[in-house]
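Could you put the whole structure together from the sequences, leaning on the hints where they help?
Residue numbers (the working numbering), protein chains in the order written: chain A, 16 to 208; chain B, 16 to 208; chain C, 16 to 208; chain D, 16 to 208; chain E, 16 to 208; chain F, 16 to 208.
The hints are simulated quantities; they were obtained by calculation from the structure and are not laboratory data.
Where hints are given, some of them may not hold.
Listed next, the in silico EDC-like pairs over lysine to aspartate or glutamate satisfying Cα-Cα at most 16 Å (straight line) [claimed, not checked]:
id : chain 1 : residue 1 : chain 2 : residue 2
1  : C       : Lys55     : D       : Asp51
2  : E       : Lys55     : F       : Asp51
3  : D       : Lys108    : D       : Asp40
4  : D       : Lys55     : E       : Asp50
5  : B       : Lys108    : B       : Asp66
6  : A       : Lys171    : A       : Glu205
7  : A       : Lys55     : B       : Asp52
8  : F       : Lys55     : A       : Asp50
9  : B       : Lys55     : B       : Asp89
Estimated spans, in silico, between C-beta atoms of each pair [unchecked claim]:
id : chain 1 : residue 1 : chain 2 : residue 2 : range
10 : E       : Asp24     : D       : Ala175    : 19 to 27 Å
11 : B       : Gln87     : C       : Val207    : 21 to 29 Å
12 : E       : Asp24     : F       : Gly53     : 56 to 64 Å
13 : D       : Asp165    : E       : Asp21     : 45 to 53 Å
Every residue, glycine too, gets a C-beta built ideally from N, C-alpha and C.
Protein chains: 6
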Amino acid sequence: REDATDRVDVPGVATGLAVTGVGGDVLFVETARLDDDGGKGSLHLTGQLGDVMQESATIALSFLRSHAEELQLDGTALGGRFHVHFPAGAIPKDGPSAGVTMTTALASLVTGRKVRAGVGMTGEVTLQGKVLPIGGVKQKVLAAHRSGLDTVLLPKRNEADIDDVPESVRDAMTIHFVEDVRDVLSLALEPVE
Amino acid sequence: REDATDRVDVPGVATGLAVTGVGGDVLFVETARLDDDGGKGSLHLTGQLGDVMQESATIALSFLRSHAEELQLDGTALGGRFHVHFPAGAIPKDGPSAGVTMTTALASLVTGRKVRAGVGMTGEVTLQGKVLPIGGVKQKVLAAHRSGLDTVLLPKRNEADIDDVPESVRDAMTIHFVEDVRDVLSLALEPVE
Amino acid sequence: REDATDRVDVPGVATGLAVTGVGGDVLFVETARLDDDGGKGSLHLTGQLGDVMQESATIALSFLRSHAEELQLDGTALGGRFHVHFPAGAIPKDGPSAGVTMTTALASLVTGRKVRAGVGMTGEVTLQGKVLPIGGVKQKVLAAHRSGLDTVLLPKRNEADIDDVPESVRDAMTIHFVEDVRDVLSLALEPVE
Amino acid sequence: REDATDRVDVPGVATGLAVTGVGGDVLFVETARLDDDGGKGSLHLTGQLGDVMQESATIALSFLRSHAEELQLDGTALGGRFHVHFPAGAIPKDGPSAGVTMTTALASLVTGRKVRAGVGMTGEVTLQGKVLPIGGVKQKVLAAHRSGLDTVLLPKRNEADIDDVPESVRDAMTIHFVEDVRDVLSLALEPVE
Amino acid sequence: REDATDRVDVPGVATGLAVTGVGGDVLFVETARLDDDGGKGSLHLTGQLGDVMQESATIALSFLRSHAEELQLDGTALGGRFHVHFPAGAIPKDGPSAGVTMTTALASLVTGRKVRAGVGMTGEVTLQGKVLPIGGVKQKVLAAHRSGLDTVLLPKRNEADIDDVPESVRDAMTIHFVEDVRDVLSLALEPVE
Amino acid sequence: REDATDRVDVPGVATGLAVTGVGGDVLFVETARLDDDGGKGSLHLTGQLGDVMQESATIALSFLRSHAEELQLDGTALGGRFHVHFPAGAIPKDGPSAGVTMTTALASLVTGRKVRAGVGMTGEVTLQGKVLPIGGVKQKVLAAHRSGLDTVLLPKRNEADIDDVPESVRDAMTIHFVEDVRDVLSLALEPVE
Ligand SMILES: [Ca+2]
Ligand SMILES: [Ca+2]
Ligand SMILES: [Ca+2]
Ligand SMILES: [Ca+2]
Ligand SMILES: [Ca+2]
Ligand SMILES: [Ca+2]
Ligand SMILES: [Ca+2]
Ligand SMILES: [Ca+2]
Ligand SMILES: [Ca+2]
Ligand SMILES: [Ca+2]
Ligand SMILES: [Ca+2]
Ligand SMILES: [Ca+2]
Numbered sequence: 016r017e018d019a020t021d022r023v024d025v026p027g028v029a030t031g032l033a034v035t036g037v038g039g040d041v042l043f044v045e046t047a048r049l050d051d052d053g054g055k056g057s058l059h060l061t062g063q064l065g066d067v068m069q070e071s072a073t074i075a076l077s078f079l080r081s082h083a084e085e086l087q088l089d090g091t092a093l094g095g096r097f098h099v100h101f102p103a104g105a106i107p108k109d110g111p112s113a114g115v116t117m118t119t120a121l122a123s124l125v126t127g128r129k130v131r132a133g134v135g136m137t138g139e140v141t142l143q144g145k146v147l148p149i150g151g152v153k154q155k156v157l158a159a160h161r162s163g164l165d166t167v168l169l170p171k172r173n174e175a176d177i178d179d180v181p182e183s184v185r186d187a188m189t190i191h192f193v194e195d196v197r198d199v200l201s202l203a204l205e206p207v208e
Numbered sequence: 016r017e018d019a020t021d022r023v024d025v026p027g028v029a030t031g032l033a034v035t036g037v038g039g040d041v042l043f044v045e046t047a048r049l050d051d052d053g054g055k056g057s058l059h060l061t062g063q064l065g066d067v068m069q070e071s072a073t074i075a076l077s078f079l080r081s082h083a084e085e086l087q088l089d090g091t092a093l094g095g096r097f098h099v100h101f102p103a104g105a106i107p108k109d110g111p112s113a114g115v116t117m118t119t120a121l122a123s124l125v126t127g128r129k130v131r132a133g134v135g136m137t138g139e140v141t142l143q144g145k146v147l148p149i150g151g152v153k154q155k156v157l158a159a160h161r162s163g164l165d166t167v168l169l170p171k172r173n174e175a176d177i178d179d180v181p182e183s184v185r186d187a188m189t190i191h192f193v194e195d196v197r198d199v200l201s202l203a204l205e206p207v208e
Numbered sequence: 016r017e018d019a020t021d022r023v024d025v026p027g028v029a030t031g032l033a034v035t036g037v038g039g040d041v042l043f044v045e046t047a048r049l050d051d052d053g054g055k056g057s058l059h060l061t062g063q064l065g066d067v068m069q070e071s072a073t074i075a076l077s078f079l080r081s082h083a084e085e086l087q088l089d090g091t092a093l094g095g096r097f098h099v100h101f102p103a104g105a106i107p108k109d110g111p112s113a114g115v116t117m118t119t120a121l122a123s124l125v126t127g128r129k130v131r132a133g134v135g136m137t138g139e140v141t142l143q144g145k146v147l148p149i150g151g152v153k154q155k156v157l158a159a160h161r162s163g164l165d166t167v168l169l170p171k172r173n174e175a176d177i178d179d180v181p182e183s184v185r186d187a188m189t190i191h192f193v194e195d196v197r198d199v200l201s202l203a204l205e206p207v208e
Numbered sequence: 016r017e018d019a020t021d022r023v024d025v026p027g028v029a030t031g032l033a034v035t036g037v038g039g040d041v042l043f044v045e046t047a048r049l050d051d052d053g054g055k056g057s058l059h060l061t062g063q064l065g066d067v068m069q070e071s072a073t074i075a076l077s078f079l080r081s082h083a084e085e086l087q088l089d090g091t092a093l094g095g096r097f098h099v100h101f102p103a104g105a106i107p108k109d110g111p112s113a114g115v116t117m118t119t120a121l122a123s124l125v126t127g128r129k130v131r132a133g134v135g136m137t138g139e140v141t142l143q144g145k146v147l148p149i150g151g152v153k154q155k156v157l158a159a160h161r162s163g164l165d166t167v168l169l170p171k172r173n174e175a176d177i178d179d180v181p182e183s184v185r186d187a188m189t190i191h192f193v194e195d196v197r198d199v200l201s202l203a204l205e206p207v208e
Numbered sequence: 016r017e018d019a020t021d022r023v024d025v026p027g028v029a030t031g032l033a034v035t036g037v038g039g040d041v042l043f044v045e046t047a048r049l050d051d052d053g054g055k056g057s058l059h060l061t062g063q064l065g066d067v068m069q070e071s072a073t074i075a076l077s078f079l080r081s082h083a084e085e086l087q088l089d090g091t092a093l094g095g096r097f098h099v100h101f102p103a104g105a106i107p108k109d110g111p112s113a114g115v116t117m118t119t120a121l122a123s124l125v126t127g128r129k130v131r132a133g134v135g136m137t138g139e140v141t142l143q144g145k146v147l148p149i150g151g152v153k154q155k156v157l158a159a160h161r162s163g164l165d166t167v168l169l170p171k172r173n174e175a176d177i178d179d180v181p182e183s184v185r186d187a188m189t190i191h192f193v194e195d196v197r198d199v200l201s202l203a204l205e206p207v208e
Numbered sequence: 016r017e018d019a020t021d022r023v024d025v026p027g028v029a030t031g032l033a034v035t036g037v038g039g040d041v042l043f044v045e046t047a048r049l050d051d052d053g054g055k056g057s058l059h060l061t062g063q064l065g066d067v068m069q070e071s072a073t074i075a076l077s078f079l080r081s082h083a084e085e086l087q088l089d090g091t092a093l094g095g096r097f098h099v100h101f102p103a104g105a106i107p108k109d110g111p112s113a114g115v116t117m118t119t120a121l122a123s124l125v126t127g128r129k130v131r132a133g134v135g136m137t138g139e140v141t142l143q144g145k146v147l148p149i150g151g152v153k154q155k156v157l158a159a160h161r162s163g164l165d166t167v168l169l170p171k172r173n174e175a176d177i178d179d180v181p182e183s184v185r186d187a188m189t190i191h192f193v194e195d196v197r198d199v200l201s202l203a204l205e206p207v208e
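Quick look at the structure:
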C-alpha cells in the first residue's frame, strides 16, 4: 500500500476519504491547469465519475471563481481549463462528498500552496461554500488512520457520528469539524513558500 | 437542523418550499455569476435537476432579461453566465414550482439586494411573469413554519388551499398571495443598502 | 379559471387551442427576444414540447425570416434568439397544430402589435405559410367559447368539421377559415399603435 | 384534396412521390434560405425525417455545392443555411428516394427558377449526381396521376417497373427516365424569368 | 447492373469490394470537398455507416494529412471539409475494410488524379498507412470479376486466402498484394493529366 | 505474424501489452498531429475504445501538457489536435493500462525521438505521472516475448506478479519496474538523432 502522504508533495493534489464496497479508502484528487480557455473556466473530468460527482466538481470551481476576490485567489488563473482526475481510472465513483477535496485541490493548484501532508477530508460543498454532512464517517476515519493520515476534516453536522469511531483511533487523530469550506482551505493549505 | 434564515445572508440566495416523499421541506437556491458569457446569458444548473426544473430556470432568467428595463435591472449583468445550484447535491429535484424562487435569487444576485430573512416562496413562473398554482400548499407552509420562516409567498390561484393549513400555523405566519412575479420581487428583496 | 383575454395584453403572446385528455383547452404561447444571436436566429423552447412541436416552432420562425420583406417585418429583429414558452411548464405538449399560434406570437413580438383580445387559433403551418388541417375542431371551439374568446381561426381544410360544433356556440363565435398564415396575421394582429 | 400544382408557384418547392402505408402520395418539399451561415452551408431539416432521409438531404446540398461551377449555380448562395421541410409535420418519413426532389427544390431556390407545374419526381441521388433506382413505381405514378400531375421523372434503372402501371395512366402522363440528376434539373426547372 | 468502370470517370471516386449477406459486391465511395473548414479538416459521412467504418474514414483523412509532405499532397486542400458517401444510401455498412478505398478516393480528389478504370480494392488502413488483412477475399474477388474489374488490390497478409478463388478467375485478373497504402496509391491513381 | 519491432520505426508509435480473451497480445498505438487546434490541445481517438481507455488518453495528453516545461517538451506542439489510433480498427478495447503507452507515443511524436525497438510496456498513468498497477502480467510478458520484444516496462506495484512468468522467459527479457511515467519516457525513448 502506498503511503498517502507521498501523493500531496506537489500543489494541486488533495486527499479525500471515500466509502467503498468493503469499508473506507483514501481517494486522491489530482488537478492540472491545461490552458486559459479564453477565460471561460471549464473542467475536464476523468476517473469514471458519476453525474453527482461531476456536478460537485463544477460547484467547487464556481465557488472559487465567484469568491476569488474574497479568497485572494487569482481570478484569471481560475478562468482556465482544468483537468480533474480521480485514480484509479477504471473504478466508478460518485456522490457529492468529495466537494471539499476538489475545492482544496483546485485552490492548491492556483495558489501553488501544497496541501499539508497527513490531512484527509470529506464533505459536500454548496455554491456558497457551506459544508453539508456526508455518510460513512466511521469507515472514512478508519481508512484515514490506516493510510497514515494524522488529521481529518469533517462536516460540523457530522459531529455526532464521530462516536462510532473507536476511541483509540480518535485519540490518534486530529479531527476538525467545519461548517464552511473557507475553514477547510485555512486548515489544509500550507502557507505560501 | 440548520436555521433557514442563516442561508440568505448574502445576495443570490433564496428560500423555496418543496414537497418531498415525507412532507414538505425548505429548499435553498444558490446563484453565482461566473463570467460575462459574451453577453449571451446562460445557465449552469446543478443539484440533479429534472428537465421541467431546468426549463423553469431558463424561464426565470429569460423573464428577467426580457424585462430588465421595466424591472430596472442591469441588462449587461443579466447577459452573463450563471451557476444555479440546489443543495443537497445528490437528491433529485424536479417540477416548475421553484420558478419564483429562482427568479428572486437571480434578481437578488444582480442587484446586490439580499432576500429578506424569514421569507419562503413557491410558485411556477411563466415567461410573462405570471405566477401559476402549485401543489402541496399545506406541506410547504408547515415546512416553512418548522424551519423558522415567518413569511410565505404563494400563488393567488392557490388561495383556496390555505384552508388545509392549521389555523395556529396560519396565524403565526404572514402569507401573501401573488399573481405576478413582480410582486414577489417587491415583497422578497431588501432595499438597496 | 383565468380569463384568456388577460394574457394577450402585451406583444408576443397568442392564444392557441389544444386537445387534451379531457376535451379541449386554450393554450397560451409566450415569446421573448433574448439577444441578437449574431444574426443567426434561434429558438429556446420550454414547456415540455415534443419533437413535432419543436420542429413546428422552427418552421414558424423560418417562415417569418424567409418572408420578412414581403411581410414588412424587421429581418434584423427576426435574426435574434427567441424564447418560446407554453405554460403550464410540467405538462407535456406535442403536435404541429400550434404552428399558426407560434407564427402569430413571434410576429406580434417583433412588430410590437398585440394579438387582438378574444382571438384563438389553431392550424399547422408549412414553410411556405400554407395552413394545414388539424384534429379536434369541436373540442377546440368549445374550449375557446368556454374561455371567453369570441373569434376562432381555423384551417380552411377543416371547414367541414365545424358541423360538429353545436349551433348555439357557432352563432356566438366569429369563425374564420384560413388557407395561409398571412391571413392569420392580418386577422389576429392589432394595428400598430 | 389540394391540387399539387398550386404548391410549386414559388421557387424552392418541388413535388416528390412517396409510398405510404395505403398506396402512393405526392410529397412536397419546401425550402428556404435562412442566412449565410458564414459560408459553411448547412441544413435544418423538419417533417419528422428518418436518418436515411436526413443523409439524403445533405447529399443533395453537397452535390450542388461541389458542382456549382459546372451547374452555373451561385456558390455563395449555396454556402448558406437552409431549412428543408416536408409537410405534414407529424408524419414520419424516411428513405433515400426524395433525393432528386430535394436537389431540385434547392436548385430552384438558389436560381429563382420555379419547378414546372405538373412535374413529380422520385429517385435516390448520389454525391456524383447519379440517380439510383427506388421502389414503389406503380403506386407513385398512380398518385402523381391522381394528384393532377402530367409529368413524372423516374430513375432509368426503374424503366422495367413501368409495365406495372396501367396503360391508360401511362398514356396520360409524360414519363422521363433519368440517369443523372443534371437531367432532372434540366427537365424540371423553368427557364429564368 | 451498372458497369463499375463508369463510376470512376471523375477524381474522388474509388471502387471498393464488400461482403454482403449474399456474397460479395463492389462498393463505390464518392468524395467531395465542401469548403476549407478553417483548415481543421473534417468529414461528413453518409450511407448509413457504422461506427467502425466512420472511424476508418477519419483514419484515412488523418493518414493523408499527417503524411501530406511525404506524399506530395496539398496540405491546405486536405485541411478542408469533405463529404464521403457510400451508395446505396439506405443500406447499412460497417467494418474497417474500406480503409484503402477511402484513402484512395480522397487522395484522388485532392490531386485531381482519377482512379484507374478497372481497379477494385479492399483493406484496413492504420494511421501509419499499414494495410491490415480483411475477410471475404473469395467473395470480393468474385464480385470484382463479375463487375468487370480487371485488377484487385488486396492486403499482403491475405495472400494465403487467394487459393479459395477459382483459378479461372485468378487468371483473368491482375491481383496485387500490398503492405502499405502508399503502394495502393501508386497502383491505383492515374498519372497527373 | 508481424514482427512487433517493425512498427516503431517512426516517431509516434509505441508498443503496449494487452490481455485478450485468449491470452495476451501486443497492442500498437499510433499517433499523429493533425493541426494546431488553436492551442487547445485535443484528441481524436479511434480503434473502438471504451470510455475508460478514452479517459486514459486524455490523462496522457494532460500529463504531458501540464509538465511540458519539466519534461523539456514543446508546449506549443502539445497544444495541437492529435489522432490516436489502436489497430485493429474493429476490435473493441478498454481499460486504463495503455496509459504509459499512449504517454510514450505522444512524447515520441512531439520530440521526434523514436521508441526503442524491442520495448513493450503496460501501466495506468495518473495525472501526476504515477504508474498504477495493472492486471495480466503473466499473459502480457509472454505475449511480449512471443512477439520478439526484449524489454518490458511494468508498474512497480506489479513486482510480485512477475513470479507467475516462467523463469526461462524472465531470463530472456529485460524487465523494468517503474513508479513514474517519467522513468518510462527515459527508458523507452531513443536519444535525439
Ligand atoms: Ca446519477
Ligand atoms: Ca485526538
Ligand atoms: Ca421529465
Ligand atoms: Ca397570519
Ligand atoms: Ca416524436
Ligand atoms: Ca357566428
Ligand atoms: Ca434508421
Ligand atoms: Ca405517355
Ligand atoms: Ca459498433
Ligand atoms: Ca492473373
Ligand atoms: Ca464503461
Ligand atoms: Ca532478465
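How the hints compare with the structure:
For a cut-off of 16 Å, the pair hint linking lysine 55(C) to aspartate 51(D) stands: about 9 Å separates their Cα positions. Of the supplied pair hints, the one linking lysine 55(E) and aspartate 51(F) holds, its CA atoms being roughly 9 Å apart against a limit of 16 Å. Among the hinted pairs, lysine 108(D) with aspartate 40(D) is consistent with the structure: their alpha-carbon atoms are about 12 Å apart, no more than 16 Å. For the hint linking lysine 55(D) to aspartate 50(E), the alpha-carbon distance of about 7 Å falls within 16 Å, and the restraint holds.
This hinted pair checks out: lysine 108(B) and aspartate 66(B) have alpha carbons roughly 9 Å apart, not beyond 16 Å. Taking the CA atoms of lysine 171(A) and glutamate 205(A), the gap is about 22 Å. The hint is violated against a cut of 16 Å. With a C-alpha separation of about 8 Å, the suggested pairing of lysine 55(A) with aspartate 52(B) holds against the 16 Å cut-off. Between lysine 55(F) and aspartate 50(A) the CA atoms are separated by roughly 7 Å; this keeps the pair inside 16 Å, and the hint holds.
This hinted pair checks out: lysine 55(B) and aspartate 89(B) have alpha carbons roughly 14 Å apart, not beyond 16 Å. In this structure, aspartate 24(E) and alanine 175(D) meet the distance hint of 19 to 27 Å, their C-beta atoms being roughly 25 Å apart. For the pair glutamine 87(B) and valine 207(C), the beta carbons lie near 27 Å from each other, so the given range of 21 to 29 Å is met. About 40 Å separates the C-beta atoms of aspartate 24(E) and glycine 53(F), a value inconsistent with the hinted range of 56 to 64 Å.
Roughly 32 Å separates the CB atoms of aspartate 165(D) and aspartate 21(E), a value that falls outside the hinted 45 to 53 Å.
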